[in-house]
Each structure stands twice: as C-alpha cells, then as structure tokens.
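Undergrad: Take a look at the letters that make up each chain.
Protein chains: 2
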Amino acid sequence: MADYRAPLVDMRFIRDEVLNAEQEWQAMPATAELSAELADAVLEEAGRLVEAELFPLNQSGDAQGCRFEGGEVRTPTGFRAASLELAQGGWCGLGGNPDYGGQGLPKLLTQAFDEMLYASNAGFALYLTLNNGAGLLLDAYADDATKARYLPRLYAGEWLGTMCLTEPHCGTDLGLIKTRAVPDGNGQYAITGSKIWITGGEHDLTDNIVHLVLAKLPDAPAGAKGISLFLVPKRQVREDGSLADANGVVCGGLEHKMGIKGSATCVMHFEEAQGVLIGEPHQGLATMFTMMNYERLSIGIQGLGLGEVAYQSAMAFARERRQSRAPGGATEPEQAADPILVHPDVRRMALNARAWNEGGRLFAAFVARELDRAKYHPDAEVRAVAADLVALLTPVAKAFLTDRGFATTVEAQQIYGGSGYCVEWGAEQFVRDARIAMIYEGTNGIQAMDLVGRKLVRNQGAYLRRFAEQMRADLDGDAEGDCNGSGKGNGSDKGEVDNDPELIQFRQAAVDELARLERVSEALIEAAKEDAAAAGAGAHDYLQLLGYTAYTWMWWKAARAARQGLTANGKSGEAFYRAKLITGWHFLQRQLPQSEALERQIAAGSEGVMALDQNLF
Amino acid sequence: MADYRAPLVDMRFIRDEVLNAEQEWQAMPATAELSAELADAVLEEAGRLVEAELFPLNQSGDAQGCRFEGGEVRTPTGFRAASLELAQGGWCGLGGNPDYGGQGLPKLLTQAFDEMLYASNAGFALYLTLNNGAGLLLDAYADDATKARYLPRLYAGEWLGTMCLTEPHCGTDLGLIKTRAVPDGNGQYAITGSKIWITGGEHDLTDNIVHLVLAKLPDAPAGAKGISLFLVPKRQVREDGSLADANGVVCGGLEHKMGIKGSATCVMHFEEAQGVLIGEPHQGLATMFTMMNYERLSIGIQGLGLGEVAYQSAMAFARERRQSRAPGGATEPEQAADPILVHPDVRRMALNARAWNEGGRLFAAFVARELDRAKYHPDAEVRAVAADLVALLTPVAKAFLTDRGFATTVEAQQIYGGSGYCVEWGAEQFVRDARIAMIYEGTNGIQAMDLVGRKLVRNQGAYLRRFAEQMRADLDGDAEGDCNGSGKGNGSDKGEVDNDPELIQFRQAAVDELARLERVSEALIEAAKEDAAAAGAGAHDYLQLLGYTAYTWMWWKAARAARQGLTANGKSGEAFYRAKLITGWHFLQRQLPQSEALERQIAAGSEGVMALDQNLF
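So the sequence lines, in the order shown, correspond to chains Y and P.
Taking my numbering, the leading residue of the first sequence gets 4, the next gets one more, and so forth.
Taking my numbering, the leading residue of the second sequence gets 4, the next gets one more, and so forth.
Among the hints, a few may not be true.
Treat identical chains as interchangeable: a pair holds within one or across any two.
Cut-off 20 Å, straight-line C-alpha distance, at most; resulting in silico cross-link-like pairs (DMTMM-like, lysine to aspartate or glutamate) [what the hints assert, rightly or not]: (1) K181 <-> E323; (2) K181 <-> E337; (3) K378 <-> E36.
No lab work stands behind these hints: they were computed from the structure.
Based on the provided sequences and hints, a complete structural model is requested.
TA: Given below as structure tokens:
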C-alpha cells in the first residue's frame with residue numbers, strides 16, 4: 004500500500020546546511036525571532052499531523068470523492084474533522100499577517116508544510132492552498148475594515164477562501180470574462196455571472212466561504228485591462244462578525260475529474276451577490292498576479308509532494324517484492340527470488356525519482372527564500388535582486404516542478420508492475436492527482452510563455468542576468484552570491500572546491516549549463532526581434548532548459564554541503580551525505596544530458612511549428 | 004468531446020506508397036490473393052464498424068466498468084451486442100488459419116485493424132487481442148483434434164480465449180508459479196491454482212471461455228524450465244462441439260483499475276479443472292513466447308491507437324476553442340479571440356502527437372511486414388532475415404510505441420487546458436487507458452532487458468547487424484534493402500535522393516543515427532563482458548535509442564514516398580504529402596535531438612545506479 008513519512012531529514016539539511024535559514028531569518032526583522040530549532044518543532048509537529056490525520060484519508064477521499072446533494076457539497080468522510088483539527092492547531096494561518104492573527108512565518112518554512120500537505124492528501128491540501136492565496140491577496144489589497152472582518156477568520160480556518168477566475172468560454176484569456184459587477188449605491192457591488200473550476204467553491208468544511216471573484220464594472224475597458232476583483236462571501240457578515248443572510252451565491256454542480264477527487268471543483272453562479280471591491284477598479288488582474296507568485300510556487304510543490312509520496316510508496320513495495328535474481332547472481336539465495344531493488348533498471352527509476360524530488364525540494368526552498376527576501380528583507384537592493392529572481396523563477400517553479408513531479412509519479416507507478424495500475428495500491432492515484440498541477444494555475448505552456456515573453460524577451464534578459472550573476476558568484480565561492488552574506492555558513496572557498504575532484508565535476512556542470520543557458524537566451528532574444536512566433540516556439544523547451552540549469556546549481560549547492568558534512572562530521576550523518584552525493588551524481592549523468600537536446604530543439608526556431616496549415620491538423 | 008475517424012489515408016499511404024504491400028503479398032503464396040483493393044475494402048469496413056459501434060461505447064464503458072455479481076461478470080452496456088456484431092462479421096478470425104475457418108490475412112493488414120480497435124475502445128479491444136493470441140498459440144502447438152474443436156469457435160468469436168500467467172506472488176518471474184497440473188490418467192490434467200490480472204477471465208460476451216494456463220507438472224524441474232501450458236475451458240466441450248458441464252473454473256473477483264475499465268481483469272481460481280496439455284511438457288514458456296511477438300506488437304499498437312484518438316480529439320477541441328491572439332496579431336479579428344491552434348506552443352504539442360503517431364504507425368506496419376515475411380515468405384533466407392529483425396524489434400515495438408503513445412495522450416490532454424482534466428471531454432480516459440500498455444505483456448523495463456540481454460549482448464550484436472544491413476541498404480537506395488526486391492516501387496535511386504536537398508537531410512539524419520546506434524551497441528556489448536550490471540543499467544535508454552533510430556529510418560521512408568508522391572502526382576494528394584514532410588521535419592528537429600542525450604546517458608554505465616546501498620532507498 005501507499006506509504007508516507009514527512010522527509011524531515013532532507014528538509015533540515017536544506018534549511019540548516021544548504022540555505023542557512025537561521026542566519027537568513029535573523030537578518031530580517033519580520034522573521035528575526037525564528038530559530039532553526041523552532042522551525043524544526045513546527046515541521047516535526049506538521050509531519051505528525053499529516054501522517055496521522057491526512058494521509059489516512061487520501062485513498063478513501065479519492066474513492067468517495069465529493070458529492071453534490073440538493074445544492075450542497077459533501078466532502079469525503081473525515082475531511083471536516085481533519086479541517087477542524089488543522090484550523091484549531093493554527094495551521095491555516097502559518098504565513099498570515101500577525102496584525103490579523105497570522106503567524107508570520109516565512110515561505111521558506113511554510114513551503115515545507117505545503118509539500119507535506121500535498122504529499123499526504125492533495126485533494127484536501129487544495130482547500131488550504133486557496134485559502135492561503137485569498138489571505139495574501141486581502142492582506143495586500145483590502146482596506147483595513149475588510150481585513151479586520153475577514154483575515155482573522157481565514158487565518159483561523161473558520162472560513163475558507165476561494166479564487167473565482169475561469170468562465171466556461173475563457174480560461175487562459177481572462178480578458179473575455181462576462182461576469183458583471185454593478186455598484187449598488189452603498190459602496191458595494193452586485194455581482195452576476197457564472198464561474199467554473201472553482202476549487203472549494205462550496206463544501207461542508209466551514210460555515211462560510213469567502214470568494215474572490217473577477218468581474219467587470221459597467222465602465223470597464225475591453226479586455227484584460229477592464230477586470231476588477233471583488234470579495235463575495237457565501238453568507239453576508241455583520242459588522243460584529245456574525246453571519247447574516249445567505250448571499251446570492253449558488254453552487255451549480257461539481258466537475259467529475261481525473262483526480263484530486265477529494266477537492267470540490269465547483270460551478271458557481273453569482274446572482275446579484277453583494278461584493279466588496281478589492282484594490283483599484285480595473286486593476287483586478289494586476290492585483291491577482293501579486294498573489295500568483297506565491298500560489299504558483301505552491302502548485303509547483305504539489306508536483307514535488309506527489310513525487311515524494313509516490314517514491315516512498317514505490318520503495319515500500321520494492322523492498323517487499325521479489326522477482327528474479329540480481330544480475331551478478333542471487334543476493335539472497337535462501338529466498339526464491341531477490342528483492343526487485345537489485346535490478347539496475349529498477350534502481351534507475353528509483354534514483355530518477357530521488358534526484359527529481361531532492362533537486363526539486365531544494366529548488367522550491369530556494370525560490371521560497373527569494374520570495375521571503377523580496378517581501379521581508381530590510382535592504383532594498385537585496386529585495387530588488389530577489390524580486391527579479393522570483394519573477395524569473397516562478398514560472399519555472401510552477402511548470403518544471405509539476406512536469407517532473409508528474410513524471411516521477413508515472414515512473415514510481417512503473418516500479419510496481421501490474422500492481423501500480425490497480426487502485427488498491429495507491430500508485431495510480433498519485434499519477435491522477437499530479438496531472439492537474441501541470442494544467443491549472445496557468446497551464447505549463449502559459450508559464451513558458453510568461454517566462455520567455457514577459458520575463459526574458461520583454462526586458463532583454465535583465466532578470467536572466469541577475470540569475471546568472473547570482474549563480475556565477477555562488478559557483479566562484481563568493482559567499483554563495485548572497486547580497487546579505489547569509490552564505491557565510493557555507494563558507495567553501497574556491498581552494499577547497501578546487502581540491503575536491505567530485506565537487507569540481509558538479510561545479511563544472513553548473514558552469515557549462517549556465518553558459519548554455521546564456522547562449523540560448525541571447526539567441527532567443529535576438530530571434531524574437533524578427534519573428535513574432537520565436538518566443539512561443541521556443542518557450543516550452545526554454546523553460547525546461549532553465550529548470551535543468553537551476554537544478555544543476557541546486558545540486559552543486561547540495562553536493563558542496565554534503566561534502567562539508569562528511570568532512571566536518573555534520574549533523575545529517577554519513578549515510579545521508581553519501582546518498583546525497585550519489586543521487587546528485589545520478590542527476591548529472593542520467594538526467595542532465597537532456598539540456599543539450601533542449602538547446603538543439605530551441606535552435607530549430609519557429610519555422611517548423613508554424614509551417615502546417617491550420618486546417619491540416 | 005472525443006472524436007475519432009479511422010486514419011485511412013495514412014494507412015493507405017503506408018501500405019501502397021511506402022511499403023508496397025501488394026507486391027509484398029503477391030510474392031508470398033499464403034497471401035497472394037490479397038490485393039491493395041481488397042485490403043482497402045476491409046479497412047474501410049473496419050473503420051465504419053469501429054466508428055459506429057465501438058467508439059460510442061468507449062466513454063460509457065469507462066464510466067460503467069465491469070461489475071462482479073454472484074460470481075459472474077457483467078461487461079458494460081452494449082459490449083455484448085458489439086461483440087456479437089464483430090463475431091458475425093468475421094472480425095475475430097482475420098489473421099486465423101484458413102484450415103480452421105480463419106481468414107489468413109497478413110499482420111500488415113490486421114495490425115491496422117488493431118489500431119482502430121484500440122483507438123475506438125481500448126477496454127473492448129482487449130477481449131479480441133487475447134483471443135487472437137490464444138488462437139495463434141493453439142494453431143502453432145495444439146494437436147489436430149484440439150484445433151478442430153476450438154479454433155473455429157475462437158475465430159468465429161463464439162468463444163473467446165484468455166492467457167493465464169500471473170499469480171499473486173509472481174508477475175515477471177514466472178518460474179515462481181505454484182499452479183499445479185496433475186495427470187488424470189485419461190490423457191487430461193487436473194489444474195489447481197490461482198491466477199490474477201486475467202483479461203477477460205470471466206464475462207458475459209460469449210457462452211464459453213477458453214483459458215490457456217501456465218502450470219507445473221508433478222515432475223517439473225524448478226524454475227522457468229518447469230512450466231507447462233494447458234487449455235482449460237470454462238465449460239467442457241463434448242466431441243460434437245456442444246457444451247457440457249461447467250469446469251472447475253471460478254472467477255474470484257475483478258481488479259479496480261486506473262483505466263481500461265471496460266475490460267474485465269479477473270482473479271481466477273482453478274479447482275481441479277480439467278485441462279489439455281498444449282505443446283511439450285515443461286516447454287510452456289517457450290511455447291508462450293512464440294505468441295509473444297504477435298501479442299507484443301498488438302500491445303504496442305494500443306499505445307499508437309490511443310495516441311491517435313487523443314490527437315484527433317484534441318484537434319477537434321482546438322478548432323473550436325478560442326483564447327488570446329496569434330503572436331503576429333489577430334488571424335480572425337472579427338472574433339473575440341483566435342483559435343488556440345495559432346499559438347506556437349499548441350502547434351508544437353500537436354505536431355509532437357502527429358509525429359509520434361505517424362512514425363509509430365509506419366514502424367508498426369514495418370514490424371508487421373517482417374512478421375509476415377518470417378511466417379509466410381517462400382524464401383528461407385528472407386524468412387531468416389525477417390525473423391532476426393522481428394526478434395530485435397519486437398521489444399522496441401512494444402515498449403517504444405507504448406511509451407510514446409502514453410506521452411502523446413498526456414500531451415494531447417494538455418492542449419485542452421482544464422477541460423482535459425474533466426471526465427466529460429474524454430481526454431483523461433485516453434491517458435488512463437494508455438498507461439497500462441507500458442506495464443502489461445512484460446513491463447517496458449522487461450522489454451528493455453530482453454532487448455539488451457537476449458537480443459543484443461547474448462548474440463554479440465548479430466540481430467543488430469542484420470538491422471543495420473537492411474537500414475543501410477535502404478538508405479543507399481538498394482531496393483529498400485528488401486531481400487525479395489519488393490521495394491522496387493519505391494524505386495528511388497541514389498541520384499534522385501542526392502539531388503533533393505530535403506531528402507538529403509532525412510537521409511543524413513538516418514545515417515548519423517545508425518552510426519550512433521552501432522557505436523553505442525558495440526560499447527554496451529563490450530561493457531557487458533566485464534560488468535554484470537551493464538546491460539540492465541543501459542537497457543532503458545538503449546531501447547529508446549533503437550526506437551529513435553528506427554523512427555528516423557521510417558521517417559526517411561515516409562519522406563521519400565511523400566517526395567515521390569509530390570513529383571508523380573501520387574494518390575494521397577499534395578496537401579497530405581506536404582503535411583507528411585512538415586511532420587517528419589518536426590521529428591528531426593524537435594524529437595530526434597534526444598538520441599544524443601541517450602547516448603551520453605548510456606555511456607554513464609552501471610556504477611552510478613548500483614552505488615546506493617539498498618537500505619538507503
């Protein structure tokens with residue numbers, strides 16, 4: 004059956020030995036009170052919670068799914084009790100603004116909790132992810148009265164938030180939305196329209212649901228520049244915070260989906276529902292995008308979490324399953340067959356999973372660190388650098404983590420043989436649950452277009468130069484390229500690296516990949532000047548290439564920390580460090596060769612993809 | 004919604020313009036009466052049948068699944084009627100031995116029907132695939148009385164056959180099976196044991212079911228050399244062919260699976276069931292493997308068929324769906340947005356699907372041609388060459404076609420955005436239905452081991468040299484490398500190719516890939532001499548590399564035929580030929596660069612994958 008233990012050892016290694024989080028946190032007033040010890044206590048408790056409360060509901064939640072009965076949505080058995088327990092434990096407000104009852108923990112910490120949530124129960128996790136997003140958005144744009152009325156309840160998990168964007172005729176192209184908002188003369192608005200694919204649009208977990216809805220005001224300009232954002236509660240809230248009448252918000256039904264069946268994906272009808280404008284009129288899309296960087300990282304982490312639980316479960320199977328003999332002869336001759344982990348091809352699949360998961364975990368933590376710096380760092384220059392990195396890396400985090408996460412669930416399923424296809428073993432659910440993460444929150448194709456169009460070509464490579472500076476400085480041993488010197492703890496100087504033949508190879512791979520990325524970036528910027536289709540034609544492969552480059556950097560960091568741990572008798576232990584180096588080596592040898600193919604594919608340009616007449620497809 | 008039309012134009016192109024099937028058939032006495040015209044009539048009728056009868060049951064069959072009630076299995080609504088219609092139309096005996104009522108059609112024709120079956124309804128198709136396999140096996144190994152009693156009924160679809168191999172504790176490693184066969188003194192055997200994952204083990208489509216069961220005789224040697232094969236009918240059959248008592252065959256339940264839900268996957272218990280020995284005692288595995296080459300190609304075609312229907316359905320969606328504007332500005336300014344096929348990244352995904360499907364279709368037909376030559380050709384040398392190619396390419400056909408087919412269903416699903424994840428659109432079912440093909444009939448990892456272990460290393464590259472000879476001769480314009488000169492119709496001599504700059508590039512790519520394959524093969528054979536793990540460590544990537552090489556050859560053939568068609572005003576039409584060349588060009592530019600990465604990955608050897616201690620996974 005499926006198996007999951009929160010990967011605390013690797014999370015600690017990343018936090019304490021690779022990213023030196025404690026120093027990082029202490030350099031920022033908003034997080035200065037957070038110690039590694041406290042962070043550890045939070046994650047240990049989080050691990051206990053998800054293992055005991057959420058993971059046992061994962062398969063049953065998938066089997067039951069959500070039910071739509073008389074206009075109401077019933078979540079699977081146990082979801083409400085688990086939701087209450089998480090709410091009471093304060094787990095819904097980890098990253099929230101302390102002024103309104105949030106705990107103000109940095110993303111570098113909360114993203115580890117996100118991974119555990121998705122790994123243990125992706126269908127359940129989404130209710131909390133959307134709630135986090137709604138909280139962030141209100142905190143950034145709502146007026147004080149609205150914040151005071153809603154934020155404490157969202158942070159407490161008493162109510163949950165949603166995002167209502169998509170309509171039947173428009174997903175990606177939000178400029179086409181038809182939902183209308185008419186001022187009611189009392190400072191509020193009457194919202195009318197239909198939305199689809201609304202995660203947690205209706206459910207039985209909380210007494211109220213807080214919808215953030217995109218709609219158009221009567222005087223809205225056409226297209227994407229005429230969209231405004233509104234808060235529309237399921238039930239009206241009185242000034243004293245008590246619940247008043249039902250608002251004009253009706254759930255029209257549930258989608259039947261491939262996976263994440265415990266998550267209620269709703270059709271929502273707003274019928275002159277009372278709403279409050281959030282942010283400026285017509286600025287709804289820009290307002291939404293503030294939140295996107297946080298949300299997109301979270302969705303990336305859905306891929307990571309599912310990759311991790313898929314790997315762990317496959318290894319539980321592989322340790323028990325015996326088929327045939329090791330290539331060099333029986334390793335356990337007293338048994339009828341050897342465990343399947345003796346077979347090189349099974350080990351290859353397992354190492355693929357490990358390498359993607361561990362590289363992805365470090366990359367997600369790295370992006371989270373930059374998100375924290377961009378938000379909390381006292382030094383404006385550090386904030387600016389971090390903001391550039393976040394802008395560049397967010398689409399990569401969303402798309403590359405989910406692409407690799409899905410591939411990992413598929414490869415983990417393969418390790419089971421036929422059992423992987425049978426529902427009872429759980430492996431196939433991870434595949435189904437992971438698939439959506441490549442699609443929603445902006446498809447991975449849209450992420451790639453965002454990366455190449457907005458983040459690379461439009462600013463002529465400015466973000467990429469930031470990235471290259473940081474990476475190169477780190478590879479050169481200059482305090483990890485950290486503007487605030489937080490890399491001191493990593494302290495490897497160039498001499499030390501030059502003398503370690505294993506690290507030299509990790510370093511050289513990173514140097515080579517960075518050079519490749521810069522070369523390809525320059526060519527793509529150049530091609531886009533003459534050819535409107537160049538960016539789109541290269542987008543997918545370019546995002547992958549940036550992903551491979553970033554992971555090569557991450558593996559260099561991990562390898563360096565593991566080497567230091569081996570030398571200094573570090574805390575994670577010798578077996579862990581050796582495994583880390585072997586896994587990183589697998590990445591270099593068996594995954595990274597893809598980057599050269601990507602370079603060639605991008606070089607093909609747009610002529611080929613644009614050549615076929617539309618009617619011939 | 005989902006959409007499917009049998010791809011008759013491409014099937015005709017392959018048959019008539021690339022492989023010159025008519026000449027091929029006329030060169031072999033067993034198929035000499037088959038003309039291109041007759042083949043066309045068969046496939047047109049087949050297309051009508053699957054479009055009208057099977058495809059409409061595909062989504063409903065998935066939604067309903069099979070039910071287990073009181074020991075009996077009910078297939079989804081409509082399956083029995085469709086099964087009767089196919090049986091009455093003679094579609095269950097297309098490839099069967101004419102001496103027993105089969106139609107004796109060559110694989111090159113029947114594999115096109117296989118593709119249609121899988122594309123239109125993969126869950127349904129499996130009942131027929133297993134029946135074909137059982138028929139082949141009985142035809143090859145049963146005694147005359149058994150053949151006379153069973154084959155006509157199987158070919159007529161009055162009864163259906165199954166294969167009973169796997170037991171709960173052993174899938175791949177059949178040497179571990181526990182099912183016993185005890186002679187009853189009357190020339191028959193009493194079979195006792197349990198089997199799992201038995202496709203069509205019990206159902207309501209026919210009055211009898213004919214199980215082919217692997218079991219061990221009392222005096223069996225241990226392991227894989229002690230397995231025998233038995234025919235065990237669900238109901239006994241009297242000498243006059245009428246049905247007698249029920250045999251000791253009981254269905255214990257159904258598996259709940261990720262997909263192919265219309266296919267009944269059964270737990271089967273044999274309780275002193277009467278059976279007949281098929282073939283020699285203890286030779287059951289060898290007997291089975293005769294059939295495997297045919298079956299494995301069919302399962303590969305499952306990947307192809309699902310890739311095709313996924314592509315066609317995605318294009319039906321893409322033609323309707325409008326989001327955003329073309330990169331160079333609106334193509335349909337009078338509409339609110341352009342169709343999504345204007346976007347380069349959507350076109351990239353669509354061309355990926357086309358290129359894998361069309362390359363795969365030609366490769367499957369090519370392998371089928373070799374199967375036919377190996378079975379029917381009057382010239383022993385031609386048979387011998389074909390048998391070597393079949394041995395080498397069968398694991399590739401099974402694994403590479405299913406890997407690419409699954410990837411194609413996933414990429415097609417991506418084109419839909421969120422709709423691709425919702426059950427009603429049908430795209431997600433193709434993904435679920437395609438996933439199993441990478442697992443059953445020998446996992447793709449097992450196929451790779453078979454390829455590298457048995458087909459490459461064991462004979463020191465002999466099969467590969469045959470492959471290289473054929474490919475090189477074809478590239479050199481020597482009558483397509485066909486021993487029987489059937490390539491005359493292709494007739495491109497070297498001069499013609501040298502003068503066509505487009506064909507030169509296809510040819511050069513094939514030359515380069517063949518050289519790469521030979522280089523890698525030699526290195527792998529060498530490495531395996533010293534290192535027992537070398538074959539296993541390189542197996543997966545080597546199979547992929549051989550797949551890319553074979554597809555490059557196929558694309559050269561297709562491009563050459565398309566060029567000739569353009570010049571000669573050939574029958575498929577100019578738009579078709581242009582699209583074929585554009586699609587082939589996409590393969591060269593955007594898919595083939597992977598082969599270089601594979602070469603590097605294989606060169607990494609086994610050290611990395613074997614380094615991690617088993618307990619650290």
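Undergrad: Next, verify each hint and record whether it holds.
TA: Hints and how they fare:
no. : hint          : in the structure
1   : K181 <-> E323 : between (56 Å within a copy, 19 Å between copies)
2   : K181 <-> E337 : between (70 Å within a copy, 18 Å between copies)
3   : K378 <-> E36  : within (16 Å within a copy, 78 Å between copies)
The earlier numbered hints are all upheld by this structure, with none contradicted.
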